[in-house]
Amino acid sequence: MKEQRLGRSVIVLIVFYLIACGVGFIINFQKGDLQAVGMGVVAMLTPWIVPLLFHLLGLRMTQEVWVLDLVFVFFASLIGSCFGGYGVPMFDKVLHFCSGLLITTAGALIYQMLAGIQSGRSTNERWLFILFLIFMNLGIAVLWEFYEYFMLVVFQNDCIHHYDSGVHDSITDMLCAFISGLYVTGQFHRWMKSGKEGFFVRLCNRFCQANGIGENGKEEEGSNV
Numbered sequence: 144m145k146e147q148r149l150g151r152s153v154i155v156l157i158v159f160y161l162i163a164c165g166v167g168f169i170i171n172f173q174k175g176d177l178q179a180v181g182m183g184v185v186a187m188l189t190p191w192i193v194p195l196l197f198h199l200l201g202l203r204m205t206q207e208v209w210v211l212d213l214v215f216v217f218f219a220s221l222i223g224s225c226f227g228g229y230g231v232p233m234f235d236k237v238l239h240f241c242s243g244l245l246i247t248t249a250g251a252l253i254y255q256m257l258a259g260i261q262s263g264r265s266t267n268e269r270w271l272f273i274l275f276l277i278f279m280n281l282g283i284a285v286l287w288e289f290y291e292y293f294m295l296v297v298f299q300n301d302c303i304h305h306y307d308s309g310v311h312d313s314i315t316d317m318l319c320a321f322i323s324g325l326y327v328t329g330q331f332h333r334w335m336k337s338g339k340e341g342f343f344v345r346l347c348n349r350f351c352q353a354n355g356i357g358e359n360g361k362e363e364e365g366s367n368v
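Just so we're aligned, residue 144 is where the sequence shown starts under our numbering, counting upward by one.
Treat the hints as calculated values from the structure; they're not laboratory data. Computed from a predicted structure; not experimentally measured. Mixed in with the good hints there might be a few duds.
Stated by the list, open to error - Computed list of lysine to aspartate or glutamate pairs in EDC-like fashion (alpha-carbon distance at most 20 Å, straight line): (1) K236 / D307; (2) K336 / E288; (3) K236 / E291; (4) K236 / E288; (5) K236 / D301; (6) K339 / E268; (7) K236 / D176.
Unchecked claim - Across the chosen pairs, the derived CB separations fall in these ranges: (8) N300 / N267: 42 to 52 Å; (9) G201 / R333: 37 to 47 Å; (10) V297 / T266: 41 to 51 Å.
Every residue gets a Cβ at the ideal spot worked out from N, C-alpha and C, and that includes glycine.
Working from the sequences, and respecting the hints, build out all of it.
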């Protein structure tokens, strides 16, 4: 029943997303805002980046991942770029905070596939896992700021807010992602020590179960490797 409800939620979100894109096209075209119209085209593509990546990796998206992908992209790409969301105070910071939650969880998925994680591992292995999550989250946050700086230098699009805030915008963006990443990392640390699952741990574990990935991080082929 839960899977069916989530499946219906995904369909509803996709339909709502497409309707919102259409409304955005009409409004921005009538306003003559060609940049926003162009970003609307981008917003039509961004929801499919994660599914395409998973498809290329031979992984099946769970319903929870679909929902998180659609909701995050709806605000980050569609509302932010097509409906002026980034002009709302703290809108950008909230998105960077949410990105830290999602990227850190994605880091746990990657670690699970490559090396394996489970409750009760040695202290050294737990700290290696924790450091991996922190560094991956910060690495992605830095790469995103590199991208924004590239947009400034090449296209004179000051999405990094260089001229009105200097380094303040970049530092606070990365700080928001870092703080939320620590929260998710804490959930995984607690799970590895006590077996207690938080939301993001359950999300990771359900994904691994759906894709036949064992605790040793390798895809199961009839038996544990």
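- Query: Going straight from one Cα to the other, do K236 and E291 come out at no more than 20 Å?
  - Reply: holds (15 Å)
- Would the pair K236 and E288 pass a check requiring their Cα atoms to be no farther apart than 20 Å? holds (13 Å)
- Return holds or violated for the Cβ distance of V297 and T266 against the range 41 to 51 Å. holds (46 Å)
- Message: K339 and E268 were given as a pair; does the straight-line alpha-carbon distance stay at or below 20 Å?
- Response: Holds. K339 to E268 sits at ~18 Å (cutoff 20 Å).
- Distance restraint between K336 and E288, which requires alpha-carbon spacing of 20 Å or less: violated (34 Å)
- Message: Within 37 to 47 Å: is that where the Cβ-Cβ distance between G201 and R333 falls?
- Response: Taking Cβ atoms as reference, G201 and R333 lie about 31 Å apart, which means the hint is violated.
- Message: Given a hint of 42 to 52 Å, does the C-beta separation of N300 and N267 actually sit inside it?
- Response: Given about 45 Å between the Cβ atoms, the range holds.
- Would you mind confirming whether the straight-line C-alpha gap from K236 to D307 stays at or under 20 Å? holds (16 Å)
- K236 paired with D176 [C-alpha distance capped at 20 Å]: violated (25 Å)
- Message: Can you confirm whether the C-alpha distance between K236 and D301 stays at or below 20 Å?
- Response: Given that 20 Å is the threshold and the Cα spacing comes to 16 Å, the pair holds.
The earlier numbered hints that this structure contradicts are 2, 7, 9.
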